[in-house]
Amino acid sequence: KAGVTQTPRYLIKTRGQQVTLSCSPISGHRSVSWYQQTPGQGLQFLFEYFSETQRNKGNFPGRFSGRQFSNSRSEMNVSTLELGDSALYLCASSLEYRANEKLFFGSGTQLSVL
Amino acid sequence: GNSVTQMEGPVTLSEEAFLTINCTYTATGYPSLFWYVQYPGEGLQLLLKATKADDKGSNKGFEATYRKETTSFHLEKGSVQVSDSAVYFCALTISSGSARQLTFGSGTQLTVLP
Chain A
1 KAGVTQTPRY LIKTRGQQVT LSCSPISGHR SVSWYQQTPG QGLQFLFEYF
51 SETQRNKGNF PGRFSGRQFS NSRSEMNVST LELGDSALYL CASSLEYRAN
101 EKLFFGSGTQ LSVL
Chain B
1 GNSVTQMEGP VTLSEEAFLT INCTYTATGY PSLFWYVQYP GEGLQLLLKA
51 TKADDKGSNK GFEATYRKET TSFHLEKGSV QVSDSAVYFC ALTISSGSAR
101 QLTFGSGTQL TVLP
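These protein sequence lines are chains A and B, in that order.
The numbers in my numbering rise by one with no breaks, and the one at position 40 of the first sequence is 40.
The numbers in my numbering rise by one with no breaks, and the one at position 18 of the second sequence is 18.
Don't take every hint at face value.
BS3-like, lysine-lysine: derived pairs with alpha carbons at most 25 Å apart [claimed, not checked]:
| # | chain 1 | residue 1 | chain 2 | residue 2 |
| --- | --- | --- | --- | --- |
| 1 | A | Lys102 | B | Lys56 |
| 2 | A | Lys102 | B | Lys68 |
| 3 | B | Lys60 | B | Lys77 |
| 4 | B | Lys52 | A | Lys102 |
| 5 | B | Lys52 | B | Lys68 |
| 6 | B | Lys77 | B | Lys52 |
| 7 | B | Lys56 | B | Lys68 |
| 8 | A | Lys57 | B | Lys77 |
| 9 | B | Lys77 | B | Lys56 |
| 10 | A | Lys13 | B | Lys56 |
| 11 | A | Lys57 | A | Lys102 |
Source of the hints: derived by calculation from the structure; they are not laboratory data.
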């Protein structure tokens, strides 16, 4: 069974641009969550989707948005990029939406904003 | 709100040494507790979990016990190997209304020397 796939693996953008990251969950998984990982702030929760509905959102500005499609694939978008948006963006999936479920993580998209 | 506090790193040990990484939490409710591990260049993977008080999670020689009275979930391993070098994250999830709240600790970098 294929794992969680994130594309692209690396991305370089300049300030003011926008970017779209993609996440394909494990087949059959209906929940997808996104995280930003930086050396200074650690792992911060962005948002989570289940069955195409956003169920929870972290404390990030409105420039960060996401969506989930009917096949459970998810995208996140960051508009008007800032230098501080440089980070590893991780996506995770789970079968259902229960608190005791394990998350399966992708390898991430490394975004560099110049 | 919910929070997870992990032992500050980095931690450096010699091969076959005993490992403890402390983790304490605060939660409004009854959380499930997890330890995830991140190897260089990869996403996180579940190491072990516990979903109720006094449960012991174990995997690959690692163990952690859910202690409700001390709100702790310390990770231990009796004899570490060089291949255990990674970043370890303590995490909790809890159901709040219709949302699943996910909170990660700041991570502890472990380096094991031969």
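Hint by hint, here is what the structure shows:
For the given pair, lysine 102/A sits about 16 Å from lysine 56/B by alpha-carbon distance, which is consistent with the 25 Å threshold. Note on lysine 102/A and lysine 68/B: the hinted pairing holds, with a Cα-Cα distance of about 20 Å set against a maximum of 25 Å. Between the alpha carbons of lysine 60/B and lysine 77/B the distance comes to roughly 9 Å, so the proposed pair stays at or under 25 Å and holds. Under the criterion of a C-alpha separation no larger than 25 Å, the hint pairing lysine 52/B with lysine 102/A is consistent with the structure, at around 15 Å.
For the suggested pair lysine 52/B and lysine 68/B, the alpha carbons sit about 8 Å apart, so the restraint of at most 25 Å is met. Between the alpha carbons of lysine 77/B and lysine 52/B the distance comes to roughly 21 Å, so the proposed pair stays at or under 25 Å and holds. Annotation: proposed proximity of lysine 56/B to lysine 68/B holds, straight-line Cα distance about 12 Å (limit 25 Å). A threshold of 25 Å between alpha carbons decides the hint, and for lysine 57/A with lysine 77/B the separation of about 35 Å lies outside it, so the pair is violated.
Using a Cα cut-off of 25 Å, the hinted pair lysine 77/B and lysine 56/B holds, with the two alpha carbons roughly 13 Å apart. With a C-alpha separation of about 45 Å, the suggested pairing of lysine 13/A with lysine 56/B is violated against the 25 Å cut-off. Taken as a hint, the lysine 57/A and lysine 102/A pair is honoured in the structure, with Cα atoms around 19 Å apart against an allowance of 25 Å.
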